[in-house]
Every structure is written in C-alpha cells, then in structure tokens.
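Visitor: With chain E's structure known, arrange chain B on it following the hints.
Chain order of the listed sequences is E and B. If you read the first sequence in my numbering, its first letter stands for residue 119, the second for the next number, and so on. If you read the second sequence in my numbering, its first letter stands for residue 119, the second for the next number, and so on.
To be clear, the hints were calculated from the coordinates, so they are not data collected in a lab. None of the values given here were measured: they were computed from a predicted structure. Please note: incorrect hints may appear among the correct ones.
One copy or any two copies: either way a pair holds, since identical chains are not told apart in the list.
DSSO-like mimics (lysine-lysine), calculated; alpha carbons at most 30 angstroms apart, straight line [said to hold, decoys possible]:
#1 LYS299 <-> LYS407
#2 LYS164 <-> LYS391
#3 LYS359 <-> LYS391
#4 LYS164 <-> LYS452
#5 LYS407 <-> LYS276
#6 LYS276 <-> LYS413
#7 LYS413 <-> LYS391
#8 LYS443 <-> LYS212
#9 LYS452 <-> LYS218
#10 LYS391 <-> LYS276
#11 LYS338 <-> LYS164
#12 LYS164 <-> LYS212
#13 LYS452 <-> LYS249
#14 LYS338 <-> LYS407
#15 LYS391 <-> LYS185
#16 LYS245 <-> LYS312
#17 LYS217 <-> LYS338
Protein chains: 2
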Amino acid sequence: MNTGANLAKKRKFIEERYNLLDTNMKAIEVIDNRLEVRETSLPEVKDDEVLIKVKAAGLNRADIAQKNGLYPPPPGASEILGLECSGIIESVGKNVTSKKMGDEVIALLAGGGYAEYVACPEHHAIKKPMKLDWIEGASIPEVYATCWLNLFMEAGMKEGDKVVFHAGASGIGTAGVQLAKAFGCDSFVSAGSKEKIDFCLNLGASAGEIRSNDIFASIKNWSPEGADVILDPIGAEYFEKNLQVLGLEGRLVIIGLMGGAQSNLNLGHLMIKRQKIIGSTIRARSVIKKNDIMKELSDNVLPLFDEGLLRPIVHEALPFSQCEKAHSIMEANKNIGKIILSLD
Amino acid sequence: MNTGANLAKKRKFIEERYNLLDTNMKAIEVIDNRLEVRETSLPEVKDDEVLIKVKAAGLNRADIAQKNGLYPPPPGASEILGLECSGIIESVGKNVTSKKMGDEVIALLAGGGYAEYVACPEHHAIKKPMKLDWIEGASIPEVYATCWLNLFMEAGMKEGDKVVFHAGASGIGTAGVQLAKAFGCDSFVSAGSKEKIDFCLNLGASAGEIRSNDIFASIKNWSPEGADVILDPIGAEYFEKNLQVLGLEGRLVIIGLMGGAQSNLNLGHLMIKRQKIIGSTIRARSVIKKNDIMKELSDNVLPLFDEGLLRPIVHEALPFSQCEKAHSIMEANKNIGKIILSLD
Chain E
119 MNTGANLAKK RKFIEERYNL LDTNMKAIEV IDNRLEVRET SLPEVKDDEV LIKVKAAGLN
179 RADIAQKNGL YPPPPGASEI LGLECSGIIE SVGKNVTSKK MGDEVIALLA GGGYAEYVAC
239 PEHHAIKKPM KLDWIEGASI PEVYATCWLN LFMEAGMKEG DKVVFHAGAS GIGTAGVQLA
299 KAFGCDSFVS AGSKEKIDFC LNLGASAGEI RSNDIFASIK NWSPEGADVI LDPIGAEYFE
359 KNLQVLGLEG RLVIIGLMGG AQSNLNLGHL MIKRQKIIGS TIRARSVIKK NDIMKELSDN
419 VLPLFDEGLL RPIVHEALPF SQCEKAHSIM EANKNIGKII LSLD
Chain B
119 MNTGANLAKK RKFIEERYNL LDTNMKAIEV IDNRLEVRET SLPEVKDDEV LIKVKAAGLN
179 RADIAQKNGL YPPPPGASEI LGLECSGIIE SVGKNVTSKK MGDEVIALLA GGGYAEYVAC
239 PEHHAIKKPM KLDWIEGASI PEVYATCWLN LFMEAGMKEG DKVVFHAGAS GIGTAGVQLA
299 KAFGCDSFVS AGSKEKIDFC LNLGASAGEI RSNDIFASIK NWSPEGADVI LDPIGAEYFE
359 KNLQVLGLEG RLVIIGLMGG AQSNLNLGHL MIKRQKIIGS TIRARSVIKK NDIMKELSDN
419 VLPLFDEGLL RPIVHEALPF SQCEKAHSIM EANKNIGKII LSLD
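If we strip away everything but chain E, and leave its shape as in the complex, we get:
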C-alpha cells in the first residue's frame, strides 16, 4: 500500500480544486485613500454563508464614500470595498441548503466584493440569469435590489404610476427606468448631459431634463398633476422642489445626499397632499430583509433579463488591477450605467 503517495495525491487534488490550503487571496485595499491590490486572508465562511469565487465586481457610489472614510461598513461586514459581484460558489457553510459548489450566482454584499473571494449569507446570492455574462451579472445586484426595495417594497409603485429618477443615467437610474417600463409605469429622468438624457429616453423613459435647466418645471410639464414616486439620491438641494412636484399621495424616497442633508419642510403641504417621505439605505438592512429583497428580485426581475425585457447597462469593464481608473471614471460622473471590475 502506497498510502503516503495516495494521501499526497488526494491533498494536491483538494488543493487545486478548492484552494483550501491557499488561505490567501488578492483583494483591493484602501491605502491612504488610494486603491491597491494586496494579498490578504480568505474571508471566514459562517455556517449559513457561501464562499464565492468572484468573477466580476460592480462599483457603487458608496464605495467612493467608504474609500474616503465617509461611509464605514456596518458592524460585522468586511472592511474590503464592494457591494455586489458575480461568481461561482466555491464552498458552503454547514447549514446552507439552497446553494451548492459550482452554482453560478450574482450576490448582494455588505462589503468585500473587490476581492478574489467573498462570503455572504446564502440567500443573498441568487442564480445568475443565463443570458448574462459575468460582467453583466455583476452589474445587477446592488442597483436592482435598491430599485426593487425602494420602488416596490417601500414606495408601493404600481402600474400606471408616474416616477421620477434623478441621476437617471446612473446605475440605479438606468435600472429604475427599465423596471418602471417593464411594470407599466411612466418615467422622467434628470441627468447631467443631453447624451445621458437621450440614453434614458432610448431605455424607455418618456421625458427628461438636463440638470443645468429647470428640471422641476419640466416635471410639472410632463405630469401637471404631479409625480407618484420620486427616487432621489440628491437630498437637500432638490428636497422642497421634489415635494412641490410630487402629487397627491406621492412618495419621495431619499436614497442619497449628493446635494446635502439639511432641509426645510412644510408639514401642512405634506398633510394636505397626504405625501410620504421615506429615508432608505440597503446596506445596513437585516439579513432577513435582504433575503426577502433577493427572493423577490429572483422571482420577479431576473427572468426579465432572460426574456430580453431588461438589459444590463455596463459603461465599462476594467481589470482588477485598474481599480483606481475605474473609480476615477465614477468620480468624474462620466459613466452611463455601471462600471465593473473583472477578475476573469
């Protein structure tokens, strides 16, 4: 019996197949507000988590804030940037029942996506739509989860609603415009250039206005009776005007503060119009809430990619090593749709 040789062979097989003995991985780390690829430890995989071998990771505006020290990760989350990825399940925790090794998934992450491997709760990874490649797949989770959560679960968007997307050419905007159209809603976009507005109109928005013009006069013109839903990443700068163009029983969802946080509010107008102001973030939500969001996304939205009713909007995919350049494109607001880091 050549037991020693057999064991060595077996060990080599496991090592190659699962990289289990290689406990290091490459990840992008923040060094003095700059991004660098470094060696670090593999993430710990909890009993109800899966380990994903990352194929591509999406950029989000929150990554820039985190890089600059303005958006610390929630307790327990990875310190590594990255809120979404596509990839292959590499291993599963002992309580995992819904995923198995080799599954091709896209995943919503509380952090850690800018790395070769990332761990997340099993239900935050959902089956990748067949028609999408890894780069396209990585462009979906964060923006579609954000749109689904805020438009449908928070604002109760329903067929026939008129919906405004500020920053309409962003990842969230381009996802929102397509979702609105797919679910029978009319949308208006604001964006920084005519090129971006035209892009949104081609995606299905019915009207739009350049930021340097009077956006709110154009919204009134588009819907004299007011909007039903406004998804707003701007905050204070647009706040009072948003409420003025919001219709009876309209819902304003605040998902960002690019235009500041401190506002005035006329409660009388809010009451008479029976409006709702909803503050929302997705990252710090509970595991259970994210399970719900990803389940609804998997059931209601992902099939529309395979049916061709939705399409991923990828502005540019760059290799992992060009993460600094990828960030600079977003920082300059040059992108239409998503910027992706490819690890393939």
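Guide: Only chain B this time, still in chain E's reference frame:
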C-alpha cells in the same frame, strides 16, 4: 270607492313614516363664527347614498377649524359641520344594496353631521355595535377610522410595536391607546395634565408624560431604542424631537398642526434610521378609500366593542341646542375623550 280619502290616508302615512313631504330639517349653522340651530333643507340623497336620521353627532377638532373659516369642506361635501354620527337609515338611493330602511348605523361623514338628517355613501355607514347606545355610537367613526387608517393602513403598526400618542387624552388618543393594547402594542401618551395621563394609563397606556415636562426625555426612558410609530397632531413644535425619539424604521404620522407647520429636517438622520414621515388627513380621501377603511373597521374593530375589549370614551353629551357650549369645552381642551351632541 273612497279613493280621495284613501289617497289622503296613504299620503299621511308616508308623511309620518318617512317625513318625505317635510323637506325641511333642523341643522346647526355657522353664523358669524357662532353656532345656531336653524331650519334648512333636507340633504339630497344620491343613488349610492343613504339618508340617516341622526341620533347623535360627534364633535371633532376639525369642526372648530371649519367654524372659524380655516378648514373648508372638500368639494361636494355639505357645508354643515359634523364628521360622524349615529342614527337610523331613513331611506336609500336606488343603487344601494348593503343597507335598508331601519338599519341602526354609525357613519363617517365628509360633513353634515350636525343636523337632523345627513346623507352619505352607503359603505361609510356601518352597523352600530349592539352594546353601544346612540351617544356612544356617535363617538366611534371619526376617531377609530382615523386611528385605523393611520396606525394600520399607513404606518403598518404590528404586534409588539411601541407607539406614541401625543394628545393622548383626546378622542383620537383614547381610541389609539385602546387599539394599541388590543392589538398587542405598547403605548406612551403625552397630555396636558396628570388627570389626563392617569386616564390614559388606566385605558392601557404603559407610560406617559405631562406636556409641561420633558416629554421626549420620558419617551427615551420608556423606549431607549426608540418608538416604532408616533401619531402626532402637533406638527412643527414636536417635529424634530419626534424624529429623534423615533427608532430604526420608525414611522411618524402627522395628522394635525396644532404646533405649526414649518420645520427643519435632517435627511441624513432620516436615511440612516430608514424612517418614514407620513402626512395624512381622512376627510378628503376618496369614497373608495373610505369604503376600505370602514370595511376594515367593521370587520376588525367594531366586534371588540361588543366583546368588551374596547370602550367608547364620552366626556360629555349635550343636547343639540347646546352646541355652542359643546364647542367651548373642546376649545378649552377640557375634555377627555369625545364630546357628543344628542338629537334624541
């Protein structure tokens, strides 16, 4: 054949039974900001409406605002004050299917309750709980419809929630405290006197504070992690402090502006806490929405009166002729619970 005499007899019978030939009624009218009982015409009864012979009518704070010219009735509503009543169905429009002559009902009204007769859409009148007399019955519709709409339908109140009622000893407050208890929620009240606080504690509130003390420190003490729902008739004066004591994913429902309308709002706090601010009124809602509210009230709340889990809180009932005195009690904030005008 004594046809002429028969006809006269028949006519007299109809006249006595339905008052159909007497097209006048007594109603309380506003004359130079004062209330006077006057003769006026019977209300028109539309095809989908019922005519109610009013037995008792509830007072609401909105009546005072309307009397003072600050709260005009919504389009199409009676100019006569009065947002709720108890009474007997006297006649029905030709399309009415759910009510018949002689039914004992309580009704939510867009106006017209301070009168011998009032007309309203058939589904806005619901069966009076058996255990309640006319005066008690008239104390229910407006405050319970307001609480049901705002706590359950708007704020999504659920078992285990911690709920704050400002003006806890008001009609709405005393209804809200009881509803919260009946549906497994913990409540805190603010009110103008120790007597009022004690009354609310006896009704089922778990804590309270007098308005002249630091209400918000007491709320923090009652629930360090914050409130889930705040039902607020005060507005600006409490607004920022309300948001500070509102917990993660808390809902602030603004239903009145006794403390002004113009406020400041920190959108960053709203986002991080994932809070909702909801402006709400009930009077101007659609007939269909009010149908839904009254159906839910009839199904979920009215049975609790017959079961003894809820009780009407009537501060005082006065005859129709003492409407001025009734208003003066409410204007002086002397009441705990409802003030009722009796027409019996």
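Visitor: Indicate, hint by hint, whether the structure satisfies it.
Guide: Each hint, compared with the structure:
no.: 1; hint: LYS299 <-> LYS407; verdict: both (25 angstroms within a copy, 27 angstroms between copies)
no.: 2; hint: LYS164 <-> LYS391; verdict: between (48 angstroms within a copy, 27 angstroms between copies)
no.: 3; hint: LYS359 <-> LYS391; verdict: both (14 angstroms within a copy, 23 angstroms between copies)
no.: 4; hint: LYS164 <-> LYS452; verdict: neither (38 angstroms within a copy, 60 angstroms between copies)
no.: 5; hint: LYS407 <-> LYS276; verdict: both (21 angstroms within a copy, 16 angstroms between copies)
no.: 6; hint: LYS276 <-> LYS413; verdict: both (19 angstroms within a copy, 23 angstroms between copies)
no.: 7; hint: LYS413 <-> LYS391; verdict: between (34 angstroms within a copy, 24 angstroms between copies)
no.: 8; hint: LYS443 <-> LYS212; verdict: neither (39 angstroms within a copy, 73 angstroms between copies)
no.: 9; hint: LYS452 <-> LYS218; verdict: neither (39 angstroms within a copy, 68 angstroms between copies)
no.: 10; hint: LYS391 <-> LYS276; verdict: both (19 angstroms within a copy, 25 angstroms between copies)
no.: 11; hint: LYS338 <-> LYS164; verdict: neither (51 angstroms within a copy, 36 angstroms between copies)
no.: 12; hint: LYS164 <-> LYS212; verdict: within (8 angstroms within a copy, 67 angstroms between copies)
no.: 13; hint: LYS452 <-> LYS249; verdict: within (27 angstroms within a copy, 69 angstroms between copies)
no.: 14; hint: LYS338 <-> LYS407; verdict: between (35 angstroms within a copy, 26 angstroms between copies)
no.: 15; hint: LYS391 <-> LYS185; verdict: between (40 angstroms within a copy, 22 angstroms between copies)
no.: 16; hint: LYS245 <-> LYS312; verdict: neither (36 angstroms within a copy, 60 angstroms between copies)
no.: 17; hint: LYS217 <-> LYS338; verdict: neither (48 angstroms within a copy, 43 angstroms between copies)
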